[in-house]
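Novice: Just so you know, the sequences run in chain order Y and Z. Residue numbering for the first sequence follows the working numbering, starting at 157 and increasing by one per position. Residue numbering for the second sequence follows the working numbering, starting at 44 and increasing by one per position.
These are calculated hints, taken from the structure and not from any lab test. Worth double-checking, as some hints may not be accurate.
[Claimed, not checked] Footprint (simulated), chain Y over chain Z, 3 or more residues, beta carbon under 8 Å: (1) 129 to 140; (2) 196 to 209; (3) 309 to 319.
Quick caveat, the model's predicted, so the values are computed rather than measured. Even glycine gets a Cβ: it sits at the ideal position worked out from N, Cα and C.
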Amino acid sequence: MTTAGLEPSTSIPRSSQSRSKFGYVIPAVGFSLIAAFPFIAGPHYAILMFSGMGFAIALLGLNLLFGFTGLLSFGHAMFLAIGAYTTAYLTAAKIGNLEIILLTAAGVAILVAVPIGLLCIRYVRIYFSMLTLAFSMLLYSFLYKFYPITGGDEGLRIKMPRPALFDFSSLDTVGILTGPLYYYVFALLLLLTYAMWRIVSSPLGLGLRAIRENQQKAEYLGVNVQRNRLVVFVVAGVYGAIGGVIISIPVGLADPSLAYWVQSGNLVFMLLLGGYTNFFGPILGAVVFIFFQDQLMSHTEYWRLTFGILLALIVIFFPNGLMGIIDPRRRWSA
Amino acid sequence: MISSINILVSGVFSAAVLFLVSAGLQIVFGVQKIVNLACGSFYAIGAYFGITALSWALRLQLPAALFIPVLIASGLVLALVLGPPIERLLRSIYHRDEHFQLLLTFALVLMFEDIIRMFWGASPLQINNVYLAFGELRLAPDLTIPNYNLIVIAVALAISLGFGWFLQATRFGKMVRATAENASICEALCIDLRKVYAVVFTLGVALGTIGGALVIPATAASLDMGVELIVDAFAVVIIGGLGSMPGALLGALVVGLTRAAAIWLYPEFEMLAIYVIVIAVLILRPRGLLGKAA
Numbered sequence: 157m158t159t160a161g162l163e164p165s166t167s168i169p170r171s172s173q174s175r176s177k178f179g180y181v182i183p184a185v186g187f188s189l190i191a192a193f194p195f196i197a198g199p200h201y202a203i204l205m206f207s208g209m210g211f212a213i214a215l216l217g218l219n220l221l222f223g224f225t226g227l228l229s230f231g232h233a234m235f236l237a238i239g240a241y242t243t244a245y246l247t248a249a250k251i252g253n254l255e256i257i258l259l260t261a262a263g264v265a266i267l268v269a270v271p272i273g274l275l276c277i278r279y280v281r282i283y284f285s286m287l288t289l290a291f292s293m294l295l296y297s298f299l300y301k302f303y304p305i306t307g308g309d310e311g312l313r314i315k316m317p318r319p320a321l322f323d324f325s326s327l328d329t330v331g332i333l334t335g336p337l338y339y340y341v342f343a344l345l346l347l348l349t350y351a352m353w354r355i356v357s358s359p360l361g362l363g364l365r366a367i368r369e370n371q372q373k374a375e376y377l378g379v380n381v382q383r384n385r386l387v388v389f390v391v392a393g394v395y396g397a398i399g400g401v402i403i404s405i406p407v408g409l410a411d412p413s414l415a416y417w418v419q420s421g422n423l424v425f426m427l428l429l430g431g432y433t434n435f436f437g438p439i440l441g442a443v444v445f446i447f448f449q450d451q452l453m454s455h456t457e458y459w460r461l462t463f464g465i466l467l468a469l470i471v472i473f474f475p476n477g478l479m480g481i482i483d484p485r486r487r488w489s490a
Numbered sequence: 044m045i046s047s048i049n050i051l052v053s054g055v056f057s058a059a060v061l062f063l064v065s066a067g068l069q070i071v072f073g074v075q076k077i078v079n080l081a082c083g084s085f086y087a088i089g090a091y092f093g094i095t096a097l098s099w100a101l102r103l104q105l106p107a108a109l110f111i112p113v114l115i116a117s118g119l120v121l122a123l124v125l126g127p128p129i130e131r132l133l134r135s136i137y138h139r140d141e142h143f144q145l146l147l148t149f150a151l152v153l154m155f156e157d158i159i160r161m162f163w164g165a166s167p168l169q170i171n172n173v174y175l176a177f178g179e180l181r182l183a184p185d186l187t188i189p190n191y192n193l194i195v196i197a198v199a200l201a202i203s204l205g206f207g208w209f210l211q212a213t214r215f216g217k218m219v220r221a222t223a224e225n226a227s228i229c230e231a232l233c234i235d236l237r238k239v240y241a242v243v244f245t246l247g248v249a250l251g252t253i254g255g256a257l258v259i260p261a262t263a264a265s266l267d268m269g270v271e272l273i274v275d276a277f278a279v280v281i282i283g284g285l286g287s288m289p290g291a292l293l294g295a296l297v298v299g300l301t302r303a304a305a306i307w308l309y310p311e312f313e314m315l316a317i318y319v320i321v322i323a324v325l326i327l328r329p330r331g332l333l334g335k336a337a
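Okay, chain Y solo, but in the shape it has when bound (with noise of 0.2 Å):
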């Protein structure tokens, strides 16, 4: 019973890769709806998928961790909260590229990532989980009790950052997010998605489902388990933050909610909701979510007694989620 934390996990559901013709077809037009969306729809639902597309990066990473490495991490949102805050502070300090931004973000990210993921990654299973959530509560607490660095529950407002090469003078907000910053993002999601492609398929990628399936065995053949977990954790943690800097965009504020625990169990939730063991679910899994989330908002104002039911019905009959309703023969990351 005790031994529990400290065995590989095992038995996430595996199956042979089978590479159809058009397995390709899905992803595709997935991404062409996405390019396509602000002139299908109203502006209020073209910023809602500029929040989808950097919920989409943070999961794309929260996956490497969980659908590749096996390791739940139910901290993950504090990842966002050190994005958001980036912005913030940056924002305030009349520094508004956005290209910097982002890679202050990434580098925040990775000074936090390194230690948290020295200690995180010792344990697995459900240790791994409990040792994240207390790492994420951390950062709340100070985010939600140290007013005057952070804002207190307030939080800090942020101003709207722009793209080096982009002029936004002539637009109003709502343009700004679903014209050019809109297809910034997008090419960012695209270039994200790509470099995450080319992890999990690089010999990292197979080393990591090596991990999964079987530590010991992974040891045996001379794959460096700690090695590629800490790498793994850093990777979450930088899509993490770059997820976390778009999401607060739309928003303007960064607040302590943000790295509360069930915003890290809401991340889990959509990338169970979209498909763990595929490597595109995640990214329709934030998608379903935000819009299924903002419908059901509007409509009831018990939408969390639907998401939980729907969730427990993911969890029984669908763990493979939408991404294996649509496309069951396709699991990339198995």
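Since chain Y is already given, all that's left is putting chain Z on it; use the hints.
Specialist: Positioned in the frame of chain Y, the structure of chain Z alone reads:
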């Protein structure tokens, strides 16, 4: 001196409640191997139901001496209603990866928040006058201790002693402990695991709901009290050791006293201090202070 006695009493009071909820978390983890994120939600719904029960008792003008039994009974009734069906739901994932178990109980957290909202509304509820009806104990001219705090500490102690007796001395308690050690051998020995699991889970729920009901005279019930408590309960079981009952007691005392001292001395560090301890324990002694070695 005075402040240290105040810290001690309020710290042990919150530790008593925290111990009840964490004991529920521990027994469910020990026997069913499920980390139940929803134990905070049971605590929250227990608190709201306690308000309903207590205002009913006030309407009937029951004497103050009956308030505690009414609260405990309300927690038990609620646990009997909630426990078995939820255990039935969890049965579908006993043999699944523990990540899914965590997520299913997270689904319960989301559901319970709205269930409470449906029945009791979104604004915090409070019962006035009951807390003071129990009077105060005056130790010195400028030092008083609310009697209610002492009563709750005594009740929590009584419940945990009764619980310990149940586990150690009764036949069913022995079956529960045997199941915790090795479920498949117990099944081979014709122990009805379904019954054991159903009883253990209902007991776990009862510890949460009673814990929630008991804080009601002292504090308001709010929608986020559940998700806030689960973080404390997690801290308790990590510090004490996952699955260990004495560990839960020690962990609850550490968390309760740390919180009380921090609120008194330096409020900004209230949560921070607890998490620093949690992380230190995880690093230095990952199985917790009283957790069993591998």
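Novice: Looking back at the hints listed earlier, which ones does the structure fail to meet?
Specialist: 2
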